[in-house]
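Protein chains in written order, with numbering that gives the first Met the number 0: chain X, 0 to 232; chain H, 0 to 232.
Please note that a few of the clues may not be correct.
Residues from chain H that keep clear of chain X, each with C-beta distances beyond 12 angstroms, as calculated [as the list claims (entries may be wrong)]:
id : residue
1  : 135
2  : 142
3  : 203
The calculated label-pair distances, taken between Cβ atoms and stated as ranges, are [as the list claims (entries may be wrong)]:
id : chain 1 : residue 1 : chain 2 : residue 2 : range
4  : X       : 178       : H       : 155       : 35 to 43 angstroms
5  : H       : 87        : X       : 136       : 16 to 24 angstroms
6  : X       : 89        : H       : 202       : 42 to 50 angstroms
7  : X       : 67        : H       : 23        : 23 to 31 angstroms
8  : X       : 188       : H       : 218       : 29 to 37 angstroms
Hints listed in this document are in silico derivations from the structure and should not be mistaken for laboratory results.
Here a beta-carbon is modelled for each residue, glycine too, at the ideal position from N, C-alpha and C.
2 protein chains.
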Amino acid sequence: MSGTLYGVGLGPGDPELITRRAARLIEAARVVAYPSLAGGESFARAIAADLIAPDAREIRMDVPMTRDRAPAQAAYDAGAAEIAAALEGGDDVVCLCEGDPFFYGSFMYLHARLAPRFTVRTVPGVTSLTACAAAAAMPLAARNEVMTVLPGPLPDAALRDHLRAADTVICMKVGRHLPRLRALLTAEGLLDAATYVERATLGAERVMPLAEASDDAPYFSMILVAKGTDPWL
Amino acid sequence: MSGTLYGVGLGPGDPELITRRAARLIEAARVVAYPSLAGGESFARAIAADLIAPDAREIRMDVPMTRDRAPAQAAYDAGAAEIAAALEGGDDVVCLCEGDPFFYGSFMYLHARLAPRFTVRTVPGVTSLTACAAAAAMPLAARNEVMTVLPGPLPDAALRDHLRAADTVICMKVGRHLPRLRALLTAEGLLDAATYVERATLGAERVMPLAEASDDAPYFSMILVAKGTDPWL
């Protein structure tokens, strides 16, 4: 009988934000899998490090961050094949996922490859979205407010349309797009409503008005824009 | 010295989806606060029940679910006053919040009332959003896809515009709006892309194509629409 693949959300980075179910699954895992930046650290593994059994087998997927998709696809193909072999051998595999597995997470690529052939269970995790809101002490949305999640690399026109249509907008994957996003928000009269959050829940967490953020943002950064149409009182 | 108010996300309902930090804070709490439906159960308290110390003081806010806002506002005013008194007496207060405190959560109303006067810390939780995605085995968004969260009670025109603009749409607060939302999605050619999820992570969880859902949905239900513009491979 084949094993089960668990896609386990670890939350935004602070190991204390791992759920009890995720912690139990990782502690009991004989095989864990995780992505890492090619040649570098695995953020997912670092979050869960204290929970991984010393004798657990580790399947590491070195995923290059390139604009061309083919190298990453090849890394997920190879990882999926190794995981499939473990599942076929009867082992369960716990795949470690930063944040939530289905929210801009790399687990989606494994899910697409393996769910047609194996039993897959997904354990949701705390997303960077609400972790950033907590860090910024900023409610995201209430009652009938509309919230949109916008990847920063999108073109200006698309960003502008969504900025106008929603009550709350979260720009993810800010990184090198920060100056362009700030110019756009300024032109829309929304700079004062924009908060910048970097590395939420980690030791190096930083929160400030977007107006004060420097131009060179890391990949793990976010801009929160709440128009405050509803006074929440 | 005044105590600290903690707004603690409990996740979507399964107590195993409580984070380790939330669990520790609740176990150590001498005073807990939570909303309940006037005269009825508190869902938040039920999720955390096993963690609350037998001798903890409990501040219960009976919040009526009426279209008129005044009765709920009065309930939060009274709750905030009781919590403020405990904080002034030097006790920390742990406020139990379904899902995440800042994501369509009632904690926002306490935060607005108490953050100007007291130290408030928010502990993010797993949202119903990703819990429903996990239950439906449905990735939400990847790469540069745009995701919008839409409250079901919004008027048709607003819903339609957002349905067209985003790659993934999550309709929350479905309840009695289900027939109208289904008609709208059908007219937009999106019925086949729509999944219905009810009471995610609870014993009574149900997942099915929206086409097969019955007209009378409970409040804790959601419709997930993924256009699948990106093949995730």
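Does the Cβ pair residue 67 (chain X), residue 23 (chain H) satisfy 23 to 31 angstroms?
Violated, since residue 67 (chain X) and residue 23 (chain H) (Cβ atoms, about 44 angstroms apart) do not stay within the stated range.
Measuring from beta carbon to beta carbon, are residue 188 (chain X) and residue 218 (chain H) in 29 to 37 angstroms?
36 angstroms, holds
12 angstroms cut-off, C-beta based - residue 135 (chain H) kept clear of every residue in chain X:
With a cut-off of 12 angstroms, residue 135 (chain H) comes too close to chain X, as the shortest Cβ separation is near 9 angstroms.
Given a hint of 16 to 24 angstroms, does the C-beta separation of residue 87 (chain H) and residue 136 (chain X) actually sit inside it?
Distance hint for residue 87 (chain H), residue 136 (chain X) holds at roughly 21 angstroms.
Assuming the hint says 35 to 43 angstroms, is it satisfied by the Cβ distance from residue 178 (chain X) to residue 155 (chain H) or not?
39 angstroms, holds
May I ask you to check that residue 203 (chain H) keeps its beta-carbon over 12 angstroms from the closest beta-carbon of chain X?
18 angstroms, holds
Over 12 angstroms from every CB of chain X: does residue 142 (chain H) meet that, or does the non-interface label fail?
7 angstroms, violated
Could you tell me whether the CB distance from residue 89 (chain X) to residue 202 (chain H) stays inside 42 to 50 angstroms?
Given range 42 to 50 angstroms: violated, Cβ gap about 29 angstroms.
Checked against the numbered hints above, the structure violates hints 1, 2, 6 and 7; every other hint is satisfied.
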